[in-house]
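Participant: For reference, the chains in residue letters:
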Amino acid sequence: MTAPPLPKQGPEISYREAVREAIREAILGDPRVFLMGEDVGRYGGCYAVTKGLLEEFGPERIRDTPLSESAFVGAGIGAALGGMRPIVEVMTVNFSLLALDQIVNNAATLRHMSGGQFEVPLVIRMATGAGRQLAAQHSHSLEGWYAHIPGIKVLAPATLEDARFMLGAALADPNPVLIFEHVMLYNMTGTLDGAGPVDIRSAKVRRVGRDVTLIAYGGTLFKTLIAAETLAKEGIEAEVIDLRVLRPLDTGTILASVRRTRRAVIVDEGWRSGSLSAEVSARITEGAFWDLDAPVERVCSAEVPIPYPRHLEEAALPQPPGIVAAAKATLGR
Amino acid sequence: MTAPPLPKQGPEISYREAVREAIREAILGDPRVFLMGEDVGRYGGCYAVTKGLLEEFGPERIRDTPLSESAFVGAGIGAALGGMRPIVEVMTVNFSLLALDQIVNNAATLRHMSGGQFEVPLVIRMATGAGRQLAAQHSHSLEGWYAHIPGIKVLAPATLEDARFMLGAALADPNPVLIFEHVMLYNMTGTLDGAGPVDIRSAKVRRVGRDVTLIAYGGTLFKTLIAAETLAKEGIEAEVIDLRVLRPLDTGTILASVRRTRRAVIVDEGWRSGSLSAEVSARITEGAFWDLDAPVERVCSAEVPIPYPRHLEEAALPQPPGIVAAAKATLGR
Amino acid sequence: MTDAHAIKPHLSREHLLDLLREMVRIRRFEEKCAELYQQEKIRGFLHLYIGEEAIAVGAMRALEPGDAVIATYREHGHALARGVSMDAIMAEMYGKIEGCSRGRGGSMHLFDAATRFYGGNAIVGGGLPLAVGLGLAEKMQKRSGLAACFFGEGAVAEGEFHESLNLSELWKLPVLFVCENNLYAMGTRLERSESQPDIHVKAQSYNVPAEVVDGMDVVAVEAAMRKAVAAIRSGAGPILLECRTYRFRAHSMFDPQLYREKAEVEEWKKRDPIDRLLSWMRQSGALHDADLAAIEAAVAKEVDRSVEFSESGKWEKLETLTADVYAGEVPP
Amino acid sequence: MTDAHAIKPHLSREHLLDLLREMVRIRRFEEKCAELYQQEKIRGFLHLYIGEEAIAVGAMRALEPGDAVIATYREHGHALARGVSMDAIMAEMYGKIEGCSRGRGGSMHLFDAATRFYGGNAIVGGGLPLAVGLGLAEKMQKRSGLAACFFGEGAVAEGEFHESLNLSELWKLPVLFVCENNLYAMGTRLERSESQPDIHVKAQSYNVPAEVVDGMDVVAVEAAMRKAVAAIRSGAGPILLECRTYRFRAHSMFDPQLYREKAEVEEWKKRDPIDRLLSWMRQSGALHDADLAAIEAAVAKEVDRSVEFSESGKWEKLETLTADVYAGEVPP
Ligand SMILES: Cc1ncc(C[n+]2csc(CCOP(=O)(O)OP(=O)(O)O)c2C)c(N)n1
Ligand SMILES: Cc1ncc(C[n+]2csc(CCOP(=O)(O)OP(=O)(O)O)c2C)c(N)n1
Ligand SMILES: [Mg+2]
Ligand SMILES: [Mg+2]
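Chains as they are written, first to last, in our numbering: chain A, 39 to 371; chain B, 39 to 371; chain C, 105 to 436; chain D, 105 to 436.
Just so you know, the hints here were simulated from the structure itself, not pulled from any lab data.
Where hints are given, some of them may not hold.
Unchecked claim - With a cut-off of at most 30 Å between alpha-carbon atoms, the simulated DSS-like pairs for lysine-lysine come out as follows:
1. B:LYS89 <-> C:LYS145
2. D:LYS246 <-> D:LYS366
3. C:LYS246 <-> A:LYS89
4. D:LYS145 <-> D:LYS331
5. D:LYS246 <-> D:LYS276
6. D:LYS136 <-> D:LYS418
7. D:LYS418 <-> D:LYS374
8. B:LYS89 <-> D:LYS246
9. C:LYS145 <-> A:LYS89
10. A:LYS89 <-> D:LYS366
11. B:LYS89 <-> C:LYS366
12. B:LYS89 <-> D:LYS276
13. D:LYS373 <-> A:LYS89
14. C:LYS136 <-> C:LYS276
15. B:LYS366 <-> C:LYS246
My request is simple: use the sequences and hints to build the entire structure.
Facilitator: See below:
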């Protein structure tokens, strides 16, 4: 998969390398930063993101942990309380359930509950999503759950630029920040010419259009851009919004677009019921009801533990044809 | 708190006692049924629900577990696979995060992933919600998260009748079923005259009205009924729907009501962003957009770890005045 | 069991009086809390430490200001012994902004940055991973502090105990794990929660040194703590101390205590840590006639003052309900 | 280590040939899988058991049909040795409806009700609590079965190990915990995941009996398993067997194996469990000249047939995508 919106100049870099560069920069720039997680060191990372970092930075800064998600995520929280700036890698969101108590009950609460005395400047990175035929226990898209928790911020870098620069912004933020890297993006390549520091506040319009607003994030952004190209061939100009930040949601950018296009489709790889798409839909209804010319549509994953065979996995996940159909439905076509 | 909709006859019974009776009936009726959880036996249950059951049924059927949520919930799943009909009590939803991996990755997936060979006829009960000034780590309302998971069913008994009879229906169901008992309901009393077996498929209209549909469940139902009385005094007749079943959602009952009233307010004790209320709102937009005379409103918890002091806790949770205001807003009043 | 008389810490009269005073402060403070709970001044869950005071008091005396402390929902004693002011703790129980957590946490969530008191955690076992991280931060920043982590024997059954001991020993972190074994987790007796009820034996699974201490003997606790703290500061990695104790009161204010015999409670009360220190001080001549009365009078005054302080404290305004959820303004 | 020659199971020629045949079946099956992975017939994660076959084969021979088996994502060997048909397993790897999980699970999720094979679990440590529950079901229903649970040494660091061993011993459940200690969890060597690398020592924390077995010696494994199974069936409660082994291949098909020396792999290959059994059978005269060739020929045929079977299998229709998510029709 390639990244259409980035200009094709300068050296090619992959999403994987962009994340690695971000980690390198962070470690080089701040002695308090270190990385810990399962197989981030000697193995080089489950998705090869951290390859070479152990050799470059040594075992103090690049820490292989045992299989103990609750303890090492909790240790990241504790280390942040103690003055460090940890980057904790949970191999994938599927395993983060084992650490969820630490995130919900400690990372998210400590600042408020302590009356503002303590803070948890922690970054947790994890791979998310399906598409590699890894079946029911290894294909979750649960970032929408994390976006429900007051006290944490949730990011979904879907471009090389965000992969390269969101981490720095997250580490500079005194709040606990979770970064979800979609597994199907790691091999995406492009160039970073002109790219630089990014904010972790705003959604971005990745394609301008006037007929319908398509809202996506993470692994569904490029499927949505593909759908927009298909729509364009049929004379429908879709605006594509990349949410980027799942908590706090940039409602302003969403509403401004929908008020113009008067139609919206949300694309979310989470299972439909109770996914983040529902929140976005509800906010559109609340903020732009009188501007809507059609009900807000959602394109999400089928409500099934993701099956192994390719054809079933593809059928279970949002795909460009479904996005096209939903966009057309908002236009009565 | 008392239960307005139930006729005041026959012996008074509390919600707590209704749940206990349901457990007794289940154990008496099926040798495969047993109860396990922290302090369900000798202590009598954190909320005294299971008091006396150990004495009545002995330690084989009423099993005190160590503090090991992941292991004993997983053991419940395994016992169900092995032919038992376990009722697992997780003391409160707050601690269920420690067992979430077992629920998401095993209970919810095994039937589908095994090609339909295995089933997990398990019931997990837990207390949920705030209102007892237990602060940030003991006041979660995370049933909306569970309602996101394909493969499980999620119930929220809000009446004595449902507290008494949903468990039986859940045990008769071959799917894993989670039951959320709101902590503020345990002391609710009333009579069970004429009450009998209930379904675990449908939402129920608890109050008939024509002007606006108020949708609630669990701990917010009675606040919503109070709000409806207030509205009635101002000439607004609200219809009140009790969701009862959070997964699968009974969209039909919701839409039928909203198509009549043309206005909807959802009341949910979860934090607003990403709560179940968002899903209900999205479904109303999807199914009744052209019938709506006003945007769907939501009354939810403030996005804050629930604070300890009573005035702050009250301010953080949905309350009748907020429900009244939201209902009026849909009527432009 | 550690022989308290073998590795005696500074057993000066002043020191013993200090230990006594701290235990009495905790005892009287909590007795007042129970009263205030009946009056509905304090709400939520209230877990009393009465009977177990020797552990927090003995332990805190062995720590330095740079050390980090993590405790559970049964942590009034730890906060007091650590040096958090009684006023701030009582105001927290009232839920007033003068409280040590600005009133937001209540009994289960006492916090204090000045004394590095990291709570107050209401999830059983939830504090252990934090302690590992606090220890890691000390080590990585080459500071001499350690993290002292208190938890009940019930928490030992949680996976967090297992994962945290292993991780801290693997990385040789300065963490002191203090298990307050009071024989019950709510209504579940040790033998029904642990197939191997000797908690300290479990440390072998991680190559972590461990010791059992008589948790009703404040001098023994302090001695064992000093030894452990010294070893940890010298780079030995984590240590587990199992302190055998008993809670004299109910688990919380809602507990009818159906699960234990009154006789058992009475038996343990004979080993009351305050009485025990008192009689030992009397025997050894360290207690002068007026000492106890003076301490009791001073403590009574301190407790009364904390109540007044809290009564006259202020409620947080509704406008700041969501302040401090994030640093800075963050819309939901 | 168990002396295989002390507690020999039925070491008839037939029995030894059977052990040999089973190990060869697993080996050749997996070699074919690796080939098919290159051809993209098999996708997703593929974790080979090559080098560790003696454990599954020795273990399953000691179990009865009524016993329940739980394994991990590295479970082809367990499924084959347990008696799930090679056709159904291969078809599962292809994702066809003729697969033992109807094609929905793939390599990591083999299931089979007929042989009580409960998977195939891709969450490290996730199977242990299930095994406790399956053991509980046996005990409560007064059946004579037990639950045999296989997991890697990496899983030992997870809280689920700790909680499951404790719970099963507390309730004296018929559960056999078999730790396949192959020294690595992905790229993490045992000493970097366990502060106490002797896994069997950890059983003391739960009062669970434990034994170490040479996992490269199928006869030793079977002997230890028979002993353990007999003890469990007599009501002794759970037992932990630590089988020392090594995986000859990469962790999965994506692993460049940067974390270990080729020499170490070669060293372990000298202890190949198939070669070892062969040479022992040769020495003791149990292997006739034509035996191995006959086995290889039969296995090759079986493997080829399983490929044909899978190639001609059918894909699940899109219409049934959400079938079996629930029993009965349940709208989302
Ligand atoms: C994870 C979790 N499970 C259950 C509870 C409910 N609970 C609160 S205290 C307690 C008993 C803990 O016992 P122990 O660790 O021995 O500490 P003690 O109360 O005896 O000091 C329980 C079960 C909880 N707070 N957290
Ligand atoms: C909870 C969890 N964390 C991480 C992973 C990723 N992962 C898959 S296998 C594995 C290594 C497990 O090692 P071990 O238990 O020794 O088994 P082996 O692969 O050596 O057979 C890891 C880290 C996972 N599947 N589940
Ligand atoms: Mg205890
Ligand atoms: Mg291994």
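Participant: If you draw a straight line from the CA of LYS89 (chain B) to the CA of LYS246 (chain D), is it 30 Å or shorter?
Facilitator: holds, 27 Å
Participant: So if I understand the rule, the pair passes when the alpha-carbon distance is 30 Å or less; does LYS145 (chain C) with LYS89 (chain A) pass?
Facilitator: Violated: LYS145 (chain C) and LYS89 (chain A) sit about 57 Å apart, past 30 Å.
Participant: Mind checking the alpha carbons of LYS246 (chain D) and LYS366 (chain D) for me, to see if they're no more than 30 Å apart?
Facilitator: Since the Cα atoms of LYS246 (chain D) and LYS366 (chain D) sit roughly 50 Å apart, the hinted pair is violated (cutoff 30 Å).
Participant: Does the structure keep LYS246 (chain D) and LYS276 (chain D) at a Cα separation of 30 Å or less?
Facilitator: With a Cα-Cα distance of about 13 Å, the restraint between LYS246 (chain D) and LYS276 (chain D) holds, given a limit of 30 Å.
Participant: Does the alpha-carbon distance linking LYS89 (chain A) and LYS366 (chain D) stay inside the 30 Å limit?
Facilitator: Roughly 19 Å between the alpha carbons, so the hint for LYS89 (chain A) and LYS366 (chain D) holds.
Participant: Would you check the hint for LYS89 (chain B) and LYS276 (chain D), treating anything up to 30 Å between C-alpha atoms as holding?
Facilitator: holds, 26 Å
Participant: If you draw a straight line from the CA of LYS366 (chain B) to the CA of LYS246 (chain C), is it 30 Å or shorter?
Facilitator: violated, 61 Å
Participant: For the pair supplied as a hint, LYS136 (chain C) and LYS276 (chain C), is the alpha-carbon distance within the 30 Å limit?
Facilitator: violated, 42 Å
Participant: With the threshold set at 30 Å, check whether the alpha-carbon distance from LYS418 (chain D) to LYS374 (chain D) stays at or below it.
Facilitator: Given that 30 Å is the threshold and the Cα spacing comes to 41 Å, the pair is violated.
Participant: Please verify whether LYS89 (chain B) and LYS366 (chain C) have alpha carbons no more than 30 Å apart.
Facilitator: holds, 19 Å
Participant: Could you grab the alpha-carbon distance between LYS373 (chain D) and LYS89 (chain A) and see if it respects the 30 Å cut-off?
Facilitator: holds, 28 Å
Participant: Run the distance test for LYS89 (chain B) versus LYS145 (chain C): straight-line Cα separation, threshold 30 Å.
Facilitator: The given pair, whose Cα atoms are some 29 Å apart, holds under the 30 Å limit.
In this structure, the earlier hints numbered 2, 4, 7, 9, 14 and 15 are contradicted, and the remaining ones agree with it.
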